[in-house]
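Visitor: Here the protein sequences come in this chain order: A and B.
Each residue of the first sequence is one higher than the last, beginning at 1 in my numbering.
Each residue of the second sequence is one higher than the last, beginning at 1001 in my numbering.
Careful, some of the hints might be misleading.
Each computed EDC-like pair below joins lysine to aspartate or glutamate, with the alpha-carbon atoms no more than 20 angstroms apart [said to hold, decoys possible]: (1) K237(A) to D1007(B); (2) K2(A) to E43(A); (3) K1102(B) to E78(A); (4) K1101(B) to D97(A); (5) K2(A) to E42(A); (6) K1097(B) to D14(A); (7) K1101(B) to D14(A); (8) K1102(B) to D94(A); (9) K1101(B) to E78(A); (10) K47(A) to E23(A); (11) K2(A) to D94(A); (12) K1097(B) to E16(A); (13) K237(A) to D150(A); (14) K2(A) to D25(A); (15) K47(A) to D14(A); (16) K1097(B) to D97(A); (17) K1102(B) to D97(A); (18) K2(A) to D38(A); (19) K248(A) to D1007(B); (20) K47(A) to E35(A); (21) K248(A) to E193(A); (22) K237(A) to D94(A); (23) K47(A) to E16(A); (24) K237(A) to D1192(B); (25) K1097(B) to D115(A); (26) K237(A) to E195(A); (27) K1036(B) to E1141(B); (28) K110(A) to D94(A).
In short, the hints are calculated from the structure, not lab data.
Keep in mind the model is a prediction, meaning the values are calculated, not measured.
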Amino acid sequence: MKLTLRVWRQQSADAEGAMSTYEVDGISQDMSFLEMLDTLNEELILKGEDPVAFDHDCREGICGACSLVINGDAHGPERTTTCQLHMRSFRDGDTIDIEPWRASAFPVVKDLVVDRSAFDRIIEAGGYITAPTGAAPEAHATPVPKPDADLAFEHAECIGCGACVAACPNGAAMLFTSAKVNHLNVLPQGAPERETRVLDMVGQMDAEGFGGCTLAGECATACPKGIPLVSITGMNKEWLRATRRAAKR
Amino acid sequence: MARTVWDSTVGKKTVMAVSGLVMLLYLVAHMIGNLKIFFGTEEFNHYAHWLRTVGEPFMHYEWTLWLIRVVLVVAVVAHAVSAYQLSRRDIRARPSKYVHKKRRASYATRTMRWGGVILGLFIVWHVLDLTTGTVHSGGFESGKPYQNVVDTFSTWYGNVIYLVAMLALGLHIRHGFWSAAQTLGAGSRTRDRALKTTANILALLLTIGFVAVPVGVMTGVVS
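Start from the sequences and build out the full structure, keeping to the hints where you can.
Guide: Written out as structure tokens, the structure is:
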């Protein structure tokens, strides 16, 4: 395959960025999207040019490191992570636009790499349970009803890649935050911090400068793990409940 | 608690949802009231007069009406201020646009902000036209709403303003009602289809019900 790539190049966080055009040839349909970029970078290095910086780690679709907006879609045309996207999703001669996640809470570090530590701070605000450490507890010691376990697992699938923020017209982190809140709030292990968790995490989300939700639904469409839009409704419900309870105290 | 709600994006959306539902409830009553125009001058004017005497003798003349007006003004202001502040925040949160543009959200979703501005301007015009008579086209007479309505819809601009605003209203309700349910935590996987259908039906009924009046005047059914 022969492709024309238009890639966002930006030297540093403060530098002005622009789209640069590159031609790549000899791309196999079986290559992943990131392998295609590796091919481009090898050529750039051989030519003595600066390779395109992009985030990647596991390349198995489970770590959440890869983060590219491909032709206007977070993670590209398939419902998966960029690393699990293959070149067979494109056609020979295609022009592909590659951009970084766009949100003021995710500033560009270089080229296609953005700083997603805002997500870490949301997690620090309440995306955990307080439990004694040590040997793993007996699995059946805390019974969890099957529907709750399923719900928790569905939300636990979130890998924190930030595609929801990238796709949202408001740069909102509602789907990410709601996945974490719902995952822990539905389980007995998460119950002691049920109220503070949602209040603190939403508070941190707002403090990071993410936008608000207008229920456009683009986050859920972009999510490689299929976190549903109704997850946001669940978090709203938890937030209202926690606010009412906090007022009573 | 009020501080927590107002300072949070989720809380401000709650304010928008509640104020929106208050206005929606009023609009249903308003639309039903409007349809009395098809039963003649006397019935319509009588209905308009009754609105001022609701609750008597417990309430004084026009007290109930003023109470409703106060609630509505509070709802409109709360809705608009929240929307303005949230929109400012949303635009700041996504300062640079993608080079490769894609449009996916439905038309109703994309037009919520401008639709809301249109509706806000319409409310001002509507009150000045048919409540105070300040910008009324004919000789405005309070207590004779039937004639006033016919006068308004006998001008081309009266019809255009009204029709545009009612289309904006339908679109606004289509996305707004469903969104309000999500914001208030009332949505769920199993209820989603029912909520979307209700939103569409409400939007359609209100638009048709309101538009019926100018169409009635234009076609001569109401004169």
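Visitor: Taking 20 angstroms as the top limit, are the C-alpha atoms of K237(A) and D1192(B) close enough?
Guide: Given pair K237(A), D1192(B) holds - Cα atoms ~15 angstroms apart, limit 20 angstroms.
Visitor: Taking only the CA atoms, is the gap from K2(A) to D94(A) under or equal to 20 angstroms?
Guide: holds (8 angstroms)
Visitor: With a cut-off of 20 angstroms on the C-alpha distance, tell me whether K47(A) and D14(A) pass.
Guide: violated (26 angstroms)
Visitor: Is the Cα-Cα distance between K248(A) and D1007(B) 20 angstroms or less?
Guide: It holds: about 19 angstroms lies between the C-alpha atoms, which stays within 20 angstroms.
Visitor: Need the status of pair K248(A), E193(A): alpha-carbon distance at most 20 angstroms?
Guide: holds (17 angstroms)
Visitor: Is K1101(B) within 20 angstroms of D97(A), Cα to Cα?
Guide: Cα-Cα ~10 angstroms, so holds.
Visitor: With the threshold set at 20 angstroms, check whether the alpha-carbon distance from K237(A) to E195(A) stays at or below it.
Guide: Holds: K237(A) and E195(A) sit about 11 angstroms apart, inside 20 angstroms.
Visitor: For the pair we were handed, K2(A) and D38(A), check the Cα-Cα distance against 20 angstroms.
Guide: Roughly 15 angstroms between the alpha carbons, so the hint for K2(A) and D38(A) holds.
Visitor: Tell me if the straight-line CA distance from K47(A) to E23(A) falls inside 20 angstroms.
Guide: holds (13 angstroms)
Visitor: Between K1097(B) and D14(A), does the CA-CA distance stay at or below 20 angstroms?
Guide: Holds, at about 17 angstroms.
Visitor: Between K1102(B) and E78(A), does the CA-CA distance stay at or below 20 angstroms?
Guide: The hint holds at about 15 angstroms.
Visitor: With a cut-off of 20 angstroms on the C-alpha distance, tell me whether K47(A) and E35(A) pass.
Guide: Holds, at roughly 18 angstroms.
The structure does not agree with the numbered hints 7, 15, 22, 23 and 28 stated previously, though it agrees with the rest.
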